[in-house]
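From first to last, the protein sequence lines are chains A and B. Start counting the first sequence at 27; every next residue gets the next number (the numbering used here). Start counting the second sequence at 154; every next residue gets the next number (the numbering used here).
Calculated from the structure, these hints are not laboratory results. The model shown is predicted, which means the values in this text are computed figures rather than measured ones. Quick reminder that beta carbons are idealized off the backbone N, C-alpha and C, glycines included. Any given hint might turn out to be false.
In silico DSSO-like links for lysine-lysine, alpha-carbon gap of 30 Å or less [as the list claims (entries may be wrong)]:
| # | chain 1 | residue 1 | chain 2 | residue 2 |
| --- | --- | --- | --- | --- |
| 1 | A | Lys-83 | B | Lys-182 |
| 2 | A | Lys-228 | B | Lys-182 |
| 3 | A | Lys-38 | A | Lys-190 |
Going by beta-carbon spacing under 7 Å, a handful of chain B positions derived as facing chain A [to be verified]:
| # | residue |
| --- | --- |
| 4 | Gly-226 |
| 5 | Thr-300 |
| 6 | Gln-303 |
| 7 | Ser-324 |
Below are the chains, spelled out letter by letter.
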Amino acid sequence: MAGLTIQELWKKDAEKCLRDHGVNVKEYPNKIFRHKFFVTIGHVYWEHLIAMTERQKLDDIELADRLGLGASTVSRWTSGVNPPAADKFFAVVLLVLKRDLKDLDIGNQNELLFDAVRLQHERLAVDYYKPPSCSLDRFVFRLLLRLMQIPAVNNLAPNSGSSKAVKEAALKEAVVVINKELQREFDSRVKQSQNVREKARKVGPEELDEWLACWGIPYTLFAMGCTRAWGIEDV
Amino acid sequence: MSKEIANHILDPETLAKMNAEFLAGEYDKLDFPEIPALDPASDPFERNFEWLNEPQGAKTESNLSLSRKRPEGGWSKEAGRVVRQLALGGSLAGSNDSQIFRKWVEEGFFALCLAAGAKGEEALMVVRSTEKSSDDRVEFLSRWLATQPQFKQRTEEERLTVAIAAVEHFSNSPP
Numbered sequence: 027m028a029g030l031t032i033q034e035l036w037k038k039d040a041e042k043c044l045r046d047h048g049v050n051v052k053e054y055p056n057k058i059f060r061h062k063f064f065v066t067i068g069h070v071y072w073e074h075l076i077a078m079t080e081r082q083k084l085d086d087i088e089l090a091d092r093l094g095l096g097a098s099t100v101s102r103w104t105s106g107v108n109p110p111a112a113d114k115f116f117a118v119v120l121l122v123l124k125r126d127l128k129d130l131d132i133g134n135q136n137e138l139l140f141d142a143v144r145l146q147h148e149r150l151a152v153d154y155y156k157p158p159s160c161s162l163d164r165f166v167f168r169l170l171l172r173l174m175q176i177p178a179v180n181n182l183a184p185n186s187g188s189s190k191a192v193k194e195a196a197l198k199e200a201v202v203v204i205n206k207e208l209q210r211e212f213d214s215r216v217k218q219s220q221n222v223r224e225k226a227r228k229v230g231p232e233e234l235d236e237w238l239a240c241w242g243i244p245y246t247l248f249a250m251g252c253t254r255a256w257g258i259e260d261v
Numbered sequence: 154m155s156k157e158i159a160n161h162i163l164d165p166e167t168l169a170k171m172n173a174e175f176l177a178g179e180y181d182k183l184d185f186p187e188i189p190a191l192d193p194a195s196d197p198f199e200r201n202f203e204w205l206n207e208p209q210g211a212k213t214e215s216n217l218s219l220s221r222k223r224p225e226g227g228w229s230k231e232a233g234r235v236v237r238q239l240a241l242g243g244s245l246a247g248s249n250d251s252q253i254f255r256k257w258v259e260e261g262f263f264a265l266c267l268a269a270g271a272k273g274e275e276a277l278m279v280v281r282s283t284e285k286s287s288d289d290r291v292e293f294l295s296r297w298l299a300t301q302p303q304f305k306q307r308t309e310e311e312r313l314t315v316a317i318a319a320v321e322h323f324s325n326s327p328p
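If we strip away everything but chain A, and leave its shape as in the complex, we get (with noise of 0.2 Å):
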């Protein structure tokens, strides 16, 4: 079954990043991607870690006390720029929390894994590519998903070589797709439920370029390292 959709002409600049950045394209899915993105879940489990500590009122001086180590090795850990690998997770688990591991309230499944989506796409776009001027919430990756489903958006990658009348004919039209979609969505929102005070919600074409210009190559990137058996597509 596919995974995550890819539009060609994205994947042709998302390829020409990496190959800028001296990476094998081949390798990168198996020996690259995966291990960054295992690396960034973990970072994600460590900071939800962090934040338990914190509720407890320990600091890194205490933290790095209880564990019988320096405290710079510990603030690094906590700042979040070197999170440790899992063994210390679990050293922190069992030596300062001393908590059972199903007793760790440290956020559900489908946060976790959002945070990580996000923090992994948010790296992918610094290393390959370029800071982010917006940020991915949940609402900007549902509609990255859509987005790379709209044939006309594969003439928006950044070196499609299609001229500017092209790509402002695609933007114009995957604006009125999406808005339409979110007008439906709405809609099927209000007839379930009678307490829905807001109006839908409307996206207009400088918002939705500017989340294709920083998200579209880090999306394809994302894509293009995931596996369908990970479910990101539906969990």
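Following the hints, put chain B in place on chain A, whose structure we already have.
Structure of chain B alone, referenced to chain A:
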């Protein structure tokens, strides 16, 4: 995020023209044939993407409330994440989120207010005020942040998070 200039595919003039047409309702008259999902199994509008649903209790952008549940780790940690993203790869690396926020609110935010002239000074005065209610201060600051280039691209929820954390910070450490 780290850049004040937004990334775009099309040029600013074309986007401005398209945006004006969109706001004038011209796009409402356009109709494109239904586009089926290339892979129906991964159509986010047809399938139930449980993991992409907003967490229970979370507010949507159009339904924000100042009385949101305190996030795990506190507001400063949550706001620190936003500030960290604004300074992606910058000099703030190496601190935890709460420390980053504290540093930013005491230095970066201060500089931002001063650079913004009278309006910025007013924002600083309001956020440190002991006479106004916390909700009023948060609401004022959140609205003011929305006018600042660094924060324009952030979601309303993120601006609100930063505003709540800033008000909390100044309430706990009055001048």
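Going down the list of hints, with the structure as the test:
The straight-line distance between the Cα atoms of Lys-83(A) and Lys-182(B) is roughly 57 Å, outside the 30 Å bound, and the hint therefore fails. Of the supplied pair hints, the one linking Lys-228(A) and Lys-182(B) holds, its CA atoms being roughly 15 Å apart against a limit of 30 Å. The straight-line distance between the Cα atoms of Lys-38(A) and Lys-190(A) is roughly 19 Å, inside the 30 Å bound, and the hint therefore holds. For Gly-226(B), the shortest C-beta to C-beta distance to chain A is roughly 4 Å, which falls under 7 Å, so the interface hint holds.
Against a cut-off of 7 Å between C-beta atoms, the interface hint on Thr-300(B) is violated, since the closest Cβ of chain A lies about 17 Å away. About 10 Å separates the beta-carbon of Gln-303(B) from the nearest beta-carbon of chain A, more than 7 Å, and the hint is not met. With a cut of 7 Å, the hint placing Ser-324(B) at the interface with chain A is violated, because the nearest CB-to-CB distance is about 19 Å.
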